[in-house]
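Trainee: Chain by chain, the residues run as shown.
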Amino acid sequence: MKAAFGLTIADKLLVGLVIFLLLSLYGRYWSSATPGERFRVSSIVNGIQTMDFGADRIIAIEGPLGTTRLQIAGNRVRFISSPCHGKQCIHAGWLADAGDFAACLPNRISLTVLGLTKEYDSINF
Amino acid sequence: MSQLIYRAFWSCTLIGVLLLSACSRPEESRLHAAQLLAMGTLVEVSIWGTSDEHAAAVTAQIEQRLRRVEDDFHPTRPGGLKTVNVALAAGRAVAVNDEMADLILRAQHFEEASQGLFNPAIGKLIALWGFQDEEPAKGPPPSANEIQSISDQHPAMSRLQLKNGLLTSHSRAVQLDFGAFAKGYAIDQAVAILRRQGIHDAIVNAGGDLRVIGRHGDRSWRVGIRQPDGHGIIASLALGGDESIVTSGSYERYFDYQGRRYHHIIDPRTGYPAQGLVSVTVLAADAQTADAAATALFVAGKDDWPLIARRMAVDQVMLIDEQGKVYLTREMARRIRFEIKPEPVPVIIKP
Numbered sequence: 000m001k002a003a004f005g006l007t008i009a010d011k012l013l014v015g016l017v018i019f020l021l022l023s024l025y026g027r028y029w030s031s032a033t034p035g036e037r038f039r040v041s042s043i044v045n046g047i048q049t050m051d052f053g054a055d056r057i058i059a060i061e062g063p064l065g066t067t068r069l070q071i072a073g074n075r076v077r078f079i080s081s082p083c084h085g086k087q088c089i090h091a092g093w094l095a096d097a098g099d100f101a102a103c104l105p106n107r108i109s110l111t112v113l114g115l116t117k118e119y120d121s122i123n124f
Numbered sequence: 000m001s002q003l004i005y006r007a008f009w010s011c012t013l014i015g016v017l018l019l020s021a022c023s024r025p026e027e028s029r030l031h032a033a034q035l036l037a038m039g040t041l042v043e044v045s046i047w048g049t050s051d052e053h054a055a056a057v058t059a060q061i062e063q064r065l066r067r068v069e070d071d072f073h074p075t076r077p078g079g080l081k082t083v084n085v086a087l088a089a090g091r092a093v094a095v096n097d098e099m100a101d102l103i104l105r106a107q108h109f110e111e112a113s114q115g116l117f118n119p120a121i122g123k124l125i126a127l128w129g130f131q132d133e134e135p136a137k138g139p140p141p142s143a144n145e146i147q148s149i150s151d152q153h154p155a156m157s158r159l160q161l162k163n164g165l166l167t168s169h170s171r172a173v174q175l176d177f178g179a180f181a182k183g184y185a186i187d188q189a190v191a192i193l194r195r196q197g198i199h200d201a202i203v204n205a206g207g208d209l210r211v212i213g214r215h216g217d218r219s220w221r222v223g224i225r226q227p228d229g230h231g232i233i234a235s236l237a238l239g240g241d242e243s244i245v246t247s248g249s250y251e252r253y254f255d256y257q258g259r260r261y262h263h264i265i266d267p268r269t270g271y272p273a274q275g276l277v278s279v280t281v282l283a284a285d286a287q288t289a290d291a292a293a294t295a296l297f298v299a300g301k302d303d304w305p306l307i308a309r310r311m312a313v314d315q316v317m318l319i320d321e322q323g324k325v326y327l328t329r330e331m332a333r334r335i336r337f338e339i340k341p342e343p344v345p346v347i348i349k350p
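In order, the protein sequence lines correspond to chains A and B. Per numbering that gives the first Met the number 0, the very first residue in the first sequence carries number 0; after that it's consecutive. Per numbering that gives the first Met the number 0, the very first residue in the second sequence carries number 0; after that it's consecutive.
What the hints contain is simulated information worked out from the structure, not anything from laboratory work. These figures come from a predicted structure and were not determined experimentally. A hint or two may mislead.
What the hints assert, rightly or not - In silico lysine to aspartate or glutamate, EDC-like type, Cα no more than 20 angstroms apart, as pairs: (1) K86(A) / E330(B); (2) K137(B) / E61(A); (3) K301(B) / E330(B).
Claimed, not checked - Residues of chain B placed beyond 10 angstroms of chain A at every Cβ, according to the derived structure: (4) V95; (5) A100; (6) D151; (7) H230; (8) G240; (9) G248; (10) R268; (11) D285; (12) R329; (13) F337; (14) V344; (15) I348.
Yeah, the Cβ is synthetic: ideal placement off N, Cα and C, and Gly gets one too.
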């Protein structure tokens with residue numbers, strides 16, 4: 000059965016599949032919101048640690064004010080407790096895309112999600 | 000017709016796939032990043048395009064230099080600056096080395112240019128608020144009488160006199176605290192070491208204040224500016240050549256007391272934390288200028304900052320006020336790219 004432009008149903012399915020693949024590739028490598036691959040925790044006490052998302056877990060990071068806890072779940076990470084006053088780090092919520100960044104400045108801890116490549120070479124704050 | 004469309008489609012597909020795969024992102028293997036603790040913060044040194052051994056050796060030199068700057072210019076630890084402050088409080092003249100003399104002269108220059116809004120002579124006030132301690136300040140705020148008694152003595156860099164390496168003060172109230180530009184000075188020292196060692200492409204980031212030199216391979220360095228509330232990146236810009244970017248923010252050090260927030264940027268005119276802004280970002284050629292100007296503009300506030308920026312010769316500035324309104328100089332507006340949606344509608348100002 001022939002339709003517009005002389006394409007068969009099989010042709011149309013193939014065209015659809017290829018367009019889908021191209022869009023997926025674009026989204027994966029070129030869209031501004033690239034899913035994070037790993038995350039980096041910087042602490043004045045513990046130094047800098049780069050971690051894989053891996054299994055769901057809660058980790059403790061030490062800062063000058065005390066212990067800050069991070070939750071990792073489903074390729075996302077967030078602050079869940081911190082001894083700072085404002086709790087702005089906790090309000091930042093989940094970080095999942097490459098370049099996402101949050102920090103607890105009073106406790107000198109920052110959190111950056113890393114993609115295949117770094118979104119930024121350095122962060123000013 | 001069918002054959003023609005078929006061929007055209009597969010040709011376009013092939014070209015698309017080739018473009019996607021060929022334009023891979025820049026490789027990171029030539030980037031050496033090292034972290035060290037100095038100046039009471041985390042310092043990150045990123046060097047592009049040298050050997051592992053060379054990068055490690057230069058980073059070690061930088062660490063040694065920054066530790067010395069920290070020891071010499073910490074206001075309360077035993078060492079150079081504390082010795083100077085003890086002498087000034089006792090009304091005695093004190094001998095200072097060339098580096099200390101140089102820093103005092105620079106501080107006097109910035110104080111004069113900022114009409115006294117950048118004032119490292121108010122160490123007594125900073126200590127009174129608890130922002131000089133190693134431990135984070137907890138409050139309560141000092142009493143109005145305590146603040147007034149120091150402010151009335153008008154501590155200022157202009158009251159210091161330096162002659163033949165001997166420092167004297169016309170006021171015993173002068174106590175030096177270089178916290179408002181010591182990080183900038185340390186970053187500049189680190190960059191000087193990089194250059195002496197033949198490194199031309201690097202970033203030195205000390206607790207968020209940074210200076211870049213050169214490039215990241217075939218592109219400029221990409222820097223993100225953190226949102227004042229900590230929720231990600233508000234804006235980004237490409238830096239290269241030799242540029243510094245420093246942000247002073249009320250969110251960096253503060254304490255809350257009885258429902259009110261008191262931050263660490265003290266207005267020398269009042270003795271209280273400066274009001275009106277939450278952050279000031281300054282781009283300048285060197286880090287100490289950017290650092291001093293960010294503090295001075297923060298103190299100047301929403302009305303007076305353009306005048307102070309002009310006097311301090313900085314033309315690339317971003318301010319965010321307590322209502323979240325963004326102010327940009329025209330020169331900064333040309334370079335910055337907002338990374339949040341919806342994008343802020345900035346007020347563009349020519350200093």
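Trainee: I'd like to know which numbered hints this structure contradicts. Please list them from smallest to largest.
Mentor: 1, 7, 9
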